[in-house]
Amino acid sequence: MTGNQVLLQLNYWLIIMIMMMGFYVVLAHSNMIKKLIGLGIFQTSVYFLYVVPGKIIGGTAPIIASGYQVYSNPLPHVLILTAIVVGVATLALGLALVTRINEAYGTIEENDLYRPDEWRQ
Amino acid sequence: MVLQRSLVAVAILGSVYSFLAATVLMVLDAVDVAMTEAAVGAGLSTVLILATLYLTKPFESKSRRSVILPLVITIIVGGVIAWGTIGFPSFGDPMAPIQQHISPYYLANSLRETKVPNVVTAVLASYRGYDTLGETTVIFTAGIGVLMLLSRRRFKPINNKSE
Amino acid sequence: MKQNSIIRIVVKLLMPFIILFALYVQFHGDLGPGGGFQAGVIMAGAVVIYSLVFGLATAEALISLPVVRSLIPIGVLIYAGVGLFSLIKGRNYLDYSALHAEAATGQHIGIFVVELGVFITVFASMTAIFYAFAEQQKQNEEDSK
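From first to last, the protein sequence lines stand for chains E, B and A. For the first sequence, position 62 (counting from the first letter as 1) is numbered 71 according to my numbering, and the numbering increases by one without interruption. For the second sequence, position 75 (counting from the first letter as 1) is numbered 86 according to my numbering, and the numbering increases by one without interruption. For the third sequence, position 127 (counting from the first letter as 1) is numbered 130 according to my numbering, and the numbering increases by one without interruption.
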């Protein structure tokens, strides 16, 4: 595997770095809203991971018009369109749940939820 | 954005990040996706997060967990996925397997079969119409779910700590 | 306050353009980028910005909560109804070529109606979610008085 080949995969490694940053936020922070935002970062990097292999250098957007021969691949765009809207639906439901948890327990930190007896004193 | 503790700043930075992502998606020729990401990520997501922050606390308290284990897990998982992408075809290759099977059929035949020049809309609404029906149902479910969660009278907290 | 009046005037001027742009994106989804989802979210954004600047009561006088709530299932029903119509005509479910004598025109009509259904559901759902969050805050304020 030559160095040149490794360098060509650099864009995928960038995407994986962003994905891991989002993953780290979900794992390490205990504030629920921050976890949801980290999940959003993770989802955005997954959109890139799907769209990047579909691009053809020298192609154009997949809208058929006279004068253009090469188009980028429309299939990932369709899948990601669905994924974006489902992502915002999940975010809305998650935020509604966080509001309810806050009303019921008075906190949105996951740490405080695990030890209710200590917290009550 | 990972290390910030004022959550309002995190929400605004998230909106900026969505705009940048939409720009990058434009460069990658994904115009429909860029428009949806800009509208949804930079607009609606930020408004909902800010509304939730207004209803709860806008600051994150200091974390009492250790950060070693998540860091190790993250690095290991990232390494495994990066090792998996070594075999990917190079960027922009027109002979990659993803361009071979069904996409040339869509690009060649969608104008003739559906009279719609935008291939993404044609595939979304006609060739893959079932998936879009499922997606519309998901949005419907999310709307109903939020309405059920948030529109009753506020009930008392479980241990009567705050009046 | 001076800043308040600048924002109010700008938003009042921008509102028709935002709604027009949302409808443009919806109906030109065939010819350029766009379609039901983008248009629904942009129109919901118009309602959100109007309600942020002029207050929730003014926005609810414009599009009231029962109207929005009843619009949510109508989009899904339009989508499923098109499929059922094709089934009644003797073809497969969601086979749009049953809608017209020519198959290609039938597909075009089917795509148009389906995108309309998606637009209605997305707009109503996003607006209803925003209203739910805003009502919650109003209820919190009333409870603490």
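By construction, these hints were calculated from the structure, which means they are not laboratory data. Don't take each hint at face value.
Stated by the list, open to error - Where chain B lies over chain A, by a calculated footprint (3+ residues, C-beta under 8 Å):
no.: 1; segment: 11-19
no.: 2; segment: 23-30
no.: 3; segment: 33-45
no.: 4; segment: 72-79
no.: 5; segment: 87-94
As the list claims (entries may be wrong) - If you only want the chain A side, here are some residues facing chain B, beta carbon under 7 Å, derived:
no.: 6; residue: G48
no.: 7; residue: I52
no.: 8; residue: S54
no.: 9; residue: V56
no.: 10; residue: L59
no.: 11; residue: T61
no.: 12; residue: Y82
no.: 13; residue: G84
no.: 14; residue: S128
no.: 15; residue: M129
no.: 16; residue: A131
no.: 17; residue: F136
no.: 18; residue: Q139
Stated by the list, open to error - In silico DSS-like pairs for lysine-lysine, Cα to Cα no more than 25 Å straight-line:
no.: 19; chain 1: A; residue 1: K141; chain 2: A; residue 2: K15
no.: 20; chain 1: E; residue 1: K44; chain 2: B; residue 2: K68
no.: 21; chain 1: A; residue 1: K141; chain 2: B; residue 2: K68
no.: 22; chain 1: B; residue 1: K126; chain 2: A; residue 2: K141
Note that beta-carbon positions come from the ideal geometry of N, C-alpha and C, so glycine has one too.
Legend entry - Interface restraint verdict for A/I52 against chain B (beta-carbon cut-off 7 Å): violated, 9 Å
Inset, instruction - May I ask you to test the interface hint for A/F136 with respect to chain B, counting a Cβ-Cβ separation under 7 Å as satisfied? - result: Constraint on A/F136 satisfied, holds at 4 Å.
Legend entry - Within 8 Å of chain B's CB atoms, at least three CB atoms from the segment 87-94 of chain A: coverage verdict: Since three or more residues must qualify, the claim that chain B covers the segment 87-94 of chain A is violated, with 0 doing so at under 8 Å.
Legend entry - Coverage of the segment 11-19 of chain A by chain B (three or more Cβ within 8 Å): violated (count 0)
Legend entry - A/A131 as chain B interface residue, shortest Cβ-Cβ below 7 Å: holds, 5 Å
Inset, instruction - Could you check if A/S128 really has its C-beta closer than 7 Å to a C-beta on chain B? - result: holds, 3 Å
Inset, instruction - Check, residue by residue, whether the segment 72-79 of chain A contains three or more positions whose beta-carbon lies closer than 8 Å to a beta-carbon of chain B, and give the verdict. - result: Held - the segment 72-79 of chain A has 5 residues with a Cβ nearer than 8 Å to chain B, which meets the minimum of three.
Inset, instruction - Take the segment 23-30 of chain A, compare each residue's beta carbon with every beta carbon of chain B, and decide whether three or more fall closer than 8 Å. - result: It is violated: at least three residues are needed, and the segment 23-30 of chain A offers just 1 whose Cβ sits closer than 8 Å to chain B.
Inset, instruction - Tell me if A/Q139 is really an interface residue toward chain B, meaning its C-beta lies closer than 7 Å to one of theirs. - result: Check passed: Cβ of A/Q139 comes within 5 Å of chain B, closer than 7 Å.
Inset, instruction - Classify the hint on A/M129 as holds or violated, based on whether any CB of chain B lies nearer than 7 Å to its CB. - result: It holds, given that the least Cβ distance between A/M129 and chain B is near 6 Å, below 7 Å.
Legend entry - Proposed proximity, A/K15 with A/K141 (alpha carbon, max 25 Å): Distance of about 24 Å is within 25 Å: holds.
Inset, instruction - So, A/V56 near chain B? Judge it on the closest CB pair being under 7 Å. - result: violated, 13 Å
Violated hints for the displayed structure, listed by number in ascending order: 1, 2, 5, 7, 8, 9, 10, 11, 13 and 22.
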